[in-house]
Amino acid sequence: MEQLIEELKKEIIEVLNLEGMTPADIDENAPLFGEGLGLDSIDALELIVLMEKNYGIKLQNANEGKEIFKSVRVMAEYINAHRTK
Amino acid sequence: MSIYIQSASHISIQKPLSEAWMELPIVPDSAFMKSEEPDYKPFISPMEARRMGTLVKRALATSLDTLRKGGCEMPDAIISGTGLGCVEHTEKFLNAVIDNDEECLPPTSFMQSTHNTISSQIALRLKCHGYNSTYSHRGTSFDSALFDAFMQLSLGKIGTALVGAHDEMTPDYFLMLSKLDYWKMDFCHLGQLRKGEGRGSISGSCSLSMLLSSQKQENALCELKDVELIYRPGILQSRHAINEVLLRNNLSLKDIDAVVMGLSGDCDNDDVYHELKHHIFQNVPTLWYKQMFGEGFSSSSFGVYVGAVCLRVGRIPQHLFYFPEEAAMFQKEPRNILVYNHFQDRDHSIILLTK
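Line by line, the protein sequences give chains A and B.
Counting in this note's numbering, the first sequence runs from 302 upward without gaps.
Counting in this note's numbering, the second sequence runs from 138 upward without gaps.
Do not rely on the hints blindly, as some may be mistaken.
The calculated label-pair distances, taken between Cβ atoms and stated as ranges, are [what the hints assert, rightly or not]:
{"no.": "1", "chain 1": "B", "residue 1": "Glu174", "chain 2": "A", "residue 2": "Asn381", "range": "38 to 44 Å"}
{"no.": "2", "chain 1": "A", "residue 1": "Ile343", "chain 2": "B", "residue 2": "Lys178", "range": "20 to 26 Å"}
{"no.": "3", "chain 1": "B", "residue 1": "Glu210", "chain 2": "A", "residue 2": "Thr385", "range": "51 to 57 Å"}
Residues from chain A that face chain B, not an exhaustive set, calculated with beta carbons under 7 Å [stated by the list, open to error]:
{"no.": "4", "residue": "Gly321"}
{"no.": "5", "residue": "Leu340"}
{"no.": "6", "residue": "Asp341"}
{"no.": "7", "residue": "Ser342"}
{"no.": "8", "residue": "Val350"}
{"no.": "9", "residue": "Glu353"}
{"no.": "10", "residue": "Arg374"}
Hints listed in this document are in silico derivations from the structure and should not be mistaken for laboratory results.
Built from N, CA and C at the ideal position, the CB exists for glycine as well.
Here chain B stands alone, though its shape is the one from the complex:
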């Protein structure tokens, strides 16, 4: 059974609901970048929106935009990945608990603060009674959601799935994480990320929705060939898993035009990718995306998104190459892209995309 990424839509640091990042990426200039909000009126009425937090509004807008682009009115399944769910409402509720001495707590913030609010709000809006699930596995939430959709589509249990990755970065949460060296607080130019020196990266809120389908439609982004999740692999296990994925899809490393990695500028995070590059991907051009979309629990989804858009367009823009010398040598139209992400060198994911 073939599975296709039919369409995708995002709200992030980059121009929302747009692929403008391919030509004119917004270059971050601080460690905390606010996402650019689209006009929500075409997606959500003011009466509906009044109870929704920012993240739910973003999730609804990207979901509805993706479904429209993919020509699907009702997906068979809605599967979301979110590391922390609706943090904005969680903060509101917890602040009210403190301010009001655990009394007179606002019901709306409580209801909206749960992780599965996102998937359920999408289902309510679509009146979708199909499979509805939320994965909350920190940095591999999206990968788990994608794996679930991939398995169900492969087994023929569903024909379409709306898969999302949604996380927001609030100023308070950003400050908390800064105390754990999550961010390069002195960040002012991309060179600091490429060097990969010291702890920390730049933050990014993420709302990304993609429509998967077992039927190829016109304008599909690419085929989702394989998804593999591995736990605490060493370099040998990673090599073995990559080879297994390639082998069962009748490919070899020579066929891979580029590998998308979650390089972020954090030395601990990037060391894992540098080791992979050194031992496995010496001859495969390396692409990165966190310099454009930032780091967050859902950011791995942008690796898949970036790879998928490049395959549909048939071109990899220069600014996606981690090593400038590889950009200069790369001339061909990409046909096979491997996406490799890891979270704290514990959960690794390998995702194979083909044209």
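Only chain A is shown next, with the shape it has when bound in the complex:
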């Protein structure tokens, strides 16, 4: 799980172009939206694309996103349970 969290942090930095940030700067338990990283709805779309492209997970219900994107750790747990690649 810890390895997946590290991998996910790197992918988030790359896909959201978080210049100047390193994986160590992201608290895996902090909220991704609002507080914490302060991401917005466009970032949510990028994360949905990331999950589908890199892990083969298609989110069918938009409301699921609220739970899945709570933090990097929650996201990693969801990916671990549902990944198809």
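Using the hints provided, position chain B relative to the given structure of chain A.
For chain B alone, coordinates are given in the frame of chain A:
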């Protein structure tokens, strides 16, 4: 109603956000020259910048710098000209379409790739709810944007307008155009451009913003007296249009101190200007600017910019003269400058600037 070019700011091959090109121009040494990027931190926070492509960052920096210099916090209108919009993001998006088999497409690249992203990002940043428009007419995009602003200011519909010209040259797009003989791939010195032999010029990315105002402020660059766009004119129609512009501004050709032309080193492009010089501007010194800023869809804006800065400074530097013998004879302070550009001998523009 008088209209003034209040301030202007650029990012190009030359030193960014600066008029250093007047004294110490950077001389291109290859057909593909990268623009020099300024420090964006004073204009855009890292969180804002992360979603922006290079062109949007440049447009925001030049816009904010121009507004600051012109002492304007909120323009009445934002009008941009761009031939191709944000090519960098367009390429990213199209590559993703191919790489991902038309699935899992990145939303940011899609959103940022549209032509009107530039004007809208400036408006979002300024929280400007005024008139917002983008002209995408290839080589006359800027001229069309300027004409729109000029008409609205003349009619008193707006009091200030932020007019921009923004285009970027990516390595991939440069290579594509090279196959159409757009560039002198063996370019290594300016003499090759002055000769005007063979096809091709040198490329240049352009981001230029200027603030137009119906109220003259201190340090205004010049007055924008007239803008005329003509479609496929022959030499007679060009002569007629030039005379009309001069006549309605109570001027004659004798009053014009210099004409700025879009000479680029491409024989097809330059032939049009040589014909104009021969038939109309025999006694008017010719200035050029593409040897400094390069060729691109937005490069005509630099003709206006160069003319405007010369009028404010009251001097024309030697390196702007196309014919060295005219430079040697030119002694006076310029008061009236005509800018003549054309795109593929189809769309021509005549812009009159006065001190």
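Do the hints match the structure? See the list:
1. In this structure, Glu174 of chain B and Asn381 of chain A meet the distance hint of 38 to 44 Å, their C-beta atoms being roughly 41 Å apart.
2. The hinted window of 20 to 26 Å between Ile343 of chain A and Lys178 of chain B holds, with their beta carbons roughly 22 Å apart.
3. Between Glu210 of chain B and Thr385 of chain A, the C-beta spacing of about 53 Å keeps the proposed range 51 to 57 Å intact.
4. With its C-beta approaching chain B no nearer than about 6 Å, Gly321 of chain A sits inside the 7 Å limit, and its interface hint holds.
5. Annotation: Leu340 of chain A was flagged as interfacial toward chain B, and the flag is violated, the nearest CB pair being 10 Å apart, outside 7 Å.
6. Against a cut-off of 7 Å between C-beta atoms, the interface hint on Asp341 of chain A is violated, since the closest Cβ of chain B lies about 9 Å away.
7. For Ser342 of chain A, the shortest C-beta to C-beta distance to chain B is roughly 10 Å, which exceeds 7 Å, and the interface hint is violated.
8. Contact between Val350 of chain A and chain B, as hinted, is supported at the beta carbon level, the nearest pair being about 5 Å apart and thus within 7 Å.
9. A hinted interface residue such as Glu353 of chain A counts as satisfied when its beta carbon comes closer than 7 Å to some beta carbon of chain B; here the least separation is about 5 Å, so the hint holds.
10. The criterion of a C-beta within 7 Å of any C-beta in chain B is not met by Arg374 of chain A, whose closest approach is roughly 23 Å, and the hint is violated.
In summary, the numbered hints that this structure violates are 5, 6, 7 and 10.
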